[in-house]
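Q: Taking the hints into account, I'd like the entire structure generated from these sequences.
Quick note, the sequences are listed as chains A, B, C and D, same order. So the first sequence is numbered by the numbering used here: it starts at 1 and just counts up by one. So the second sequence is numbered by the numbering used here: it starts at 1 and just counts up by one. So the third sequence is numbered by the numbering used here: it starts at 1 and just counts up by one. So the fourth sequence is numbered by the numbering used here: it starts at 1 and just counts up by one.
Think of the hints as simulated: they come from the structure by calculation, not from any bench. A few of these clues could be false.
One copy or two, either will do: identical chains are not told apart, so a pair holds if it fits within one copy or between any two.
Unchecked claim - In silico DSS-like links for lysine-lysine, alpha-carbon gap of 25 Å or less: (1) LYS380 / LYS352; (2) LYS177 / LYS121; (3) LYS352 / LYS217; (4) LYS352 / LYS318; (5) LYS217 / LYS318; (6) LYS380 / LYS217; (7) LYS318 / LYS125; (8) LYS380 / LYS125; (9) LYS121 / LYS380; (10) LYS352 / LYS177; (11) LYS352 / LYS121; (12) LYS318 / LYS380; (13) LYS177 / LYS318; (14) LYS318 / LYS121; (15) LYS121 / LYS217; (16) LYS217 / LYS125.
Number of protein chains: 4
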Amino acid sequence: MDGMCKGLHEACGVFGIYAPGRDVARVSFFALYALQHRGQESAGIATSDGHLAYLHKGMGLVAQVFNEENMRPLQGHMAIAHNRYSTTGTVSLRNAQPYLIETLHGPLGIAHNGNLTNVNKLRLKLLQRGVGLVSGSDSEVITQMLAFPQQSNSWEVRIAAFMAEAEGAYALTILSKEAVFGVRDPWGLRPLVLGEFPNGGWALASESCALSTIGAKLVREIEPGEIVRLDAAGVTSTQGQPLRQRALCIFEYVYFARPDSILEGQAVHLVRQRLGEELAREAPVEADIVIGVPDSSTPAAIGLANALDIPFTEGLTKNRYIGRTFIQPDDRLRQMGVALKFNALDANLAGKRVIMVDDSIVRGNTAGPLVRLLRQAGAKEVHVRVSSPPVRHSCFMGVDMATQEELIAHRLDVEGIRQHIGADSLHYLSYEGMIRAVNAGAPRPMTYCTACFSGRYPVPLDEAWLQQRKSRKESFETLRG
Amino acid sequence: MDGMCKGLHEACGVFGIYAPGRDVARVSFFALYALQHRGQESAGIATSDGHLAYLHKGMGLVAQVFNEENMRPLQGHMAIAHNRYSTTGTVSLRNAQPYLIETLHGPLGIAHNGNLTNVNKLRLKLLQRGVGLVSGSDSEVITQMLAFPQQSNSWEVRIAAFMAEAEGAYALTILSKEAVFGVRDPWGLRPLVLGEFPNGGWALASESCALSTIGAKLVREIEPGEIVRLDAAGVTSTQGQPLRQRALCIFEYVYFARPDSILEGQAVHLVRQRLGEELAREAPVEADIVIGVPDSSTPAAIGLANALDIPFTEGLTKNRYIGRTFIQPDDRLRQMGVALKFNALDANLAGKRVIMVDDSIVRGNTAGPLVRLLRQAGAKEVHVRVSSPPVRHSCFMGVDMATQEELIAHRLDVEGIRQHIGADSLHYLSYEGMIRAVNAGAPRPMTYCTACFSGRYPVPLDEAWLQQRKSRKESFETLRG
Amino acid sequence: MDGMCKGLHEACGVFGIYAPGRDVARVSFFALYALQHRGQESAGIATSDGHLAYLHKGMGLVAQVFNEENMRPLQGHMAIAHNRYSTTGTVSLRNAQPYLIETLHGPLGIAHNGNLTNVNKLRLKLLQRGVGLVSGSDSEVITQMLAFPQQSNSWEVRIAAFMAEAEGAYALTILSKEAVFGVRDPWGLRPLVLGEFPNGGWALASESCALSTIGAKLVREIEPGEIVRLDAAGVTSTQGQPLRQRALCIFEYVYFARPDSILEGQAVHLVRQRLGEELAREAPVEADIVIGVPDSSTPAAIGLANALDIPFTEGLTKNRYIGRTFIQPDDRLRQMGVALKFNALDANLAGKRVIMVDDSIVRGNTAGPLVRLLRQAGAKEVHVRVSSPPVRHSCFMGVDMATQEELIAHRLDVEGIRQHIGADSLHYLSYEGMIRAVNAGAPRPMTYCTACFSGRYPVPLDEAWLQQRKSRKESFETLRG
Amino acid sequence: MDGMCKGLHEACGVFGIYAPGRDVARVSFFALYALQHRGQESAGIATSDGHLAYLHKGMGLVAQVFNEENMRPLQGHMAIAHNRYSTTGTVSLRNAQPYLIETLHGPLGIAHNGNLTNVNKLRLKLLQRGVGLVSGSDSEVITQMLAFPQQSNSWEVRIAAFMAEAEGAYALTILSKEAVFGVRDPWGLRPLVLGEFPNGGWALASESCALSTIGAKLVREIEPGEIVRLDAAGVTSTQGQPLRQRALCIFEYVYFARPDSILEGQAVHLVRQRLGEELAREAPVEADIVIGVPDSSTPAAIGLANALDIPFTEGLTKNRYIGRTFIQPDDRLRQMGVALKFNALDANLAGKRVIMVDDSIVRGNTAGPLVRLLRQAGAKEVHVRVSSPPVRHSCFMGVDMATQEELIAHRLDVEGIRQHIGADSLHYLSYEGMIRAVNAGAPRPMTYCTACFSGRYPVPLDEAWLQQRKSRKESFETLRG
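A: The following block contains the structure:
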């Protein structure tokens, strides 16, 4: 299922490249294209030739924002790039990234995935220092903090000074005139990986799928708290902040990451199959076929089908041409609801007992219509299996999830949800089952941010900021336009 | 695989609706949205309130062309609509459909799927009659032919007169101020179905998936040579031309139609599974996993996997955000070729003997890179199975296939193609196997247009037109802009 | 005063060129630029290289419609071009000109200035012949009539056949693959002149100012009823219809034409000065200064000032950056009315007796605010002098004048108007005075269309068409979009 | 003549309004419309309701940038607005004004006319303080300087602190959440006036013509070094810096200001007439007619004509539809040069001895073609009279004049220029004549910035900045896009 249906918007995709002799803007374009699933609202690329910095960004999909003409001025041998899904701030070009400024140390660009949880404190500090702020984005705050002179004149020192003050989730790519940097918060909440080109040059990306797309080899993950510098000397690592508790967002495994990405040494696809297998073990049921909610639930459905030895097949088709449409269905069409995006394959469903696997249920407004769709197509029984636990808590680490009130599992227990969606049976994967499935293939045991399931937030939360985020108001910012 | 990769562009999707009391423009929008796979170049809707006719059309996807503002003037209780993929004529708004004119009998709109094979003769006849032509589209020719007065003043008589002269493929929806009409050529080359709304009103669509999306029930197919009239009196049928030889495009089953559509009483999805089963029978091979080239080949892959009792799994992921991009990869990126659209799921492939099912090979420039991609991911063996015969002949019935020279099976035999794509083995489904699979579920035996496989064209071809089509030149038309 | 204030929209500017060796599209661009005052709604250029024809047209000013990129495809050695102000038909690209079609005789393009008064009859005839019509424009009707085969296969024969049927005003430039043609209706209602380039090549234009701008020399006017053909053989003249009664629109002298244009051998500027001199003779008044309503009334004001020996000076400035604005003043601003476009030069006006010369009063809604403005600036007396008679009748010959009810002189007598605008005295130039001033410099006595002043229309008017024009409804046309 | 021809671009027009109960955005729109001659590159309006601030700005003319939809969010009872002509920084939206930021003291917006001559020093200081800068504009520098906390928390204190550091020309309107401010540099280099609405409310504008347009009454000029605060308490004045030497740009009288504006108590129109009278005295010549180069030279021409008792008439018409066109004339057209914008009125010129008055000659590339145009039209003699002295020095106070090398009077003496333009005689008004004409109507003797004529700059110039301006390079800024 896609994020727009779910009420789940991944924050962003970031990218960085240092590769003399390559058309770094073009490579960045295709990397953004591979990371498009992480943000469809705006896209941007900033490059530098070591003297000047060049920027183009715009609203829309990568393929809509860039053309040969606006790519031409993006000269240089290094670049950062960004796909955005608004988490804070209004949806406008003013908040699009990369964010690029002039500093005493030359141009400075930032691409940011995550959410600073103490951003209000940081903004206030900047304002008190007499810095005026143009936008409501965390990224501007980060650039202005990085612009502040420190005793030692090095970007690593300035980045570390920022990390000492910042709290929350950040995976950053940073462009200066000397180097490209990759930075990850001390919890490692949002992913960031390092890749190498066969003939020289380095890249940073939110997910390894971007590396495969541009022909770079995955080298390793950036460590929590680490600063990597890419320049003519190769890759230099500094620990900007000590590792706290590893807390990669477990939802990356459940839903966000592309199945062909490698996280912490594991193929996301395989983890999802194992989530399905765990689910099979926890809540087996007799049935004729297993189907997944396309496209993201297919691996879990295949895993569950194999574990139960029930044939996997396709039961729902999804319109491939989903895009933002400004046309709203009228009442009659609205009653048909989800059918605008999904159609049932009646021939596969008629008279069958069906297990429908979904990777997660967030607001709960698609599962019901899908169950109805299957029944209309003749399914005798519909058993819903969800390959993750109930989502009961909002995310404040960079995912624009629904507000707590909108989360169906915050309002209803499992039996209540079953009745609401009209399934014959409903089972969510247990928390332990999820952890087991994720850890089963890990090179070493890991810990995760599971806040949306467990309510345990790894990062201390600023109460005022929390209220503001919960009410989705922008209480601080006073500019519009 | 998508059409853009394949060099296969379905001509168009058409729609028509007569439904007093409904917002017919809005319903048309969602029908076009469901038919988007049949044409992504331009979209248009024409409506009528019985007095005036209203039109909006534009370049791009349905969701890009329409917004609430430009939908508002589209008043009335009947409409026709169109998604276009250019087959003849330049790619410009001038050729977008519906085509709407004023006639002695009031406004007349046409949405056309197909290709008139004697269009040059028809154009010449119009020009000799003193009719000037604005565009290079068949649709303008059809409207001007329909505008010509006949002895009896009825649209059926004028439509039948057009059918008597026209040769080639046409599935039309026609808008007049009295009624909406659906027309299909005497061979039934392009599909057209009739649907009914539960609370009154009728619809026509290229595929039944559009009916499901808008909440209408599939009633039946329009017969070859039939004219149906939708108006206050319900549905009236006239035989405009006697049925010649039934010749529905068999490629609709192989690739074009959406899997959830019903053609000739058969679920397309099931036909595709049977194509996979036939393929399994014809060329079994030992392997560890079966994968399909996403998304269109999945049903055939599942059919083949079940028949061979080899697990079906996902081996390739496809970027969901494919759209027209104006950015071309540079040479280094170009060498990576197809990898911009597909990534391999290494974990599922490493060390495995893989059967990769594709529904068809047209130009043959994706199969090779995909095989390479699988091998890089560690596949030990790659056996390619194609669920249709070799495509050796161009289509002149409304599909913008590659020119004959571009068809790989026109230049190479199967062994040559195998070597070209680097597969361990390659098998195309036999012609007989394909016919068997398609007919197996048909209520009665059918005949098809199989010209692209067999070279047997059901319709006599105008030689000059053929040359012109082959060279893709527009020899007749002298206007640009 | 500009036309938008006045409620006077000149129909169109047309241009044509045959000039091998020149960039005819570029020359056409600058000719349209010089004719911009005749129409600001849409602009277009069609060219031909003798085989194909090329077209670009769009909404807006010439400088907005064209850029180097869309000019590039406009190849060839001949062209026609058009600036449009909507007179009939809705304001949309569908009605923009040139209108270009494919005919049996090759491409055919039309640029038209005027109004066919029997267009309904002609449309009906075309529809009865079975020709469908796409737009509501006269120009499409003309192209389709010209496409009709005649006994002798020559454009002159086809053009003459059109002229035999057409009634009303038309100055046409026509593009075929052999030649460019200029045609003027048998009354010569709208102007059309012929020019020659010093180094070879010919041009046609609505006004001679376009010739000066592109470096061509004015040769002569196209005669009423004449067809001129520009091709490799030079200029060939045919009389398509006998001259009826010469009836050039006298408003061209009063207001429409650019002051630097030459009409019938007379400098428009000089005619306007003489209109002012006549006005001085008819209604002298004691005053301290003479001012004109900028910019079009300046010559008449200078003429009157010289005749009365009262100093001419500037009393009003007009905002140079007038363009279409979508922002409407609110009520408070609306009360200030015309002041948004004009400001008074207080220093020149304070304590003075002022004669304000305007070239015409149509709807009468600017004269009042201007008089008020002058008084606020301290003018002791304001005497309004209008250098043409009262406009009491609508134009049906190609000028989008206000409807009859909107004409202030249709509702009020001169004294009523004087009170309405608050002037100390008001005098309109007499009909005889106007004729005398216009004829004074003419090489031979001429007759004019003075219908808007006299109510005597030179062309018989179709009653139904008249009603339709009067009500500004589009009763015939049934298409929108 | 217009600025684009001249190579003279006025920096900007600024506006401010405090008027509870009025639609301040709408009023701002019409004020910008009246100030459009001061900048056509971008336009913007920022409003505030006392809590939030709202902004819309865009590239192009005021009427192109604003529509009802983007005006709607511009709520509040106070506003600032800006028309821009680029003087420094690249032509891009990033440099458009007003510039709006969030500060510790709430939102802060700036609209700026002028040039800070020590901007590099100020930028460096900001960067050293750790403030990152987004654009290359002076305005961002000013906002960030104003954001810096001072001992006393008042905007007046912060503004005065800025004034203590800033050097060069600035006329500012400033928006905070409490009030609107108007500020003028201690020399009063750029104009700024205060107006009052009849029913309450105050406005600030670069020129009084904007006040007339929006129905406000001119109260007085803002004094050099003065800060005025507009809020609920009315108008409060503070002296931010002591007056240095009054140095209003004398070119405002010569060319920039609209003729209906009042500067220092004088009608600009009258000053220009006196410049013409002085010129008549200095260099009388026998002639038949006096003409002005439209439109800006008309008052001087009338003044000269009256002084010499030679009839003033129109000799040149200028195309009213001048706008930015992207189409360049080809070589043949280029030879005709200025004729694309001007046509001669032959009838007034033939056989005449002509005095052509121009208000100034900057680069000297239009005067020559105009003289040629007059001669082609039959003028027997052409005497050129310029109503200001030779422009020999670049402006660094906010006018984007040509570089020194481009100034014809920097390269040639008067006789050389006469030969260059081909006039029978040429006379520039003397420096003393100009001063006399300007001071003649002044309530008290004034001093002016006459640097472009005299080379005496009132403000000390930073040498590095000067070099940078001269070479038109942006040496400091390192960002693009």
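Q: Go through the numbered hints given earlier and state which of them the structure violates, listing their numbers in rising order.
A: When the structure is compared with the hints, numbers 7, 8, 9, 10, 11, 13, 14, 15, 16 turn out to be violated.
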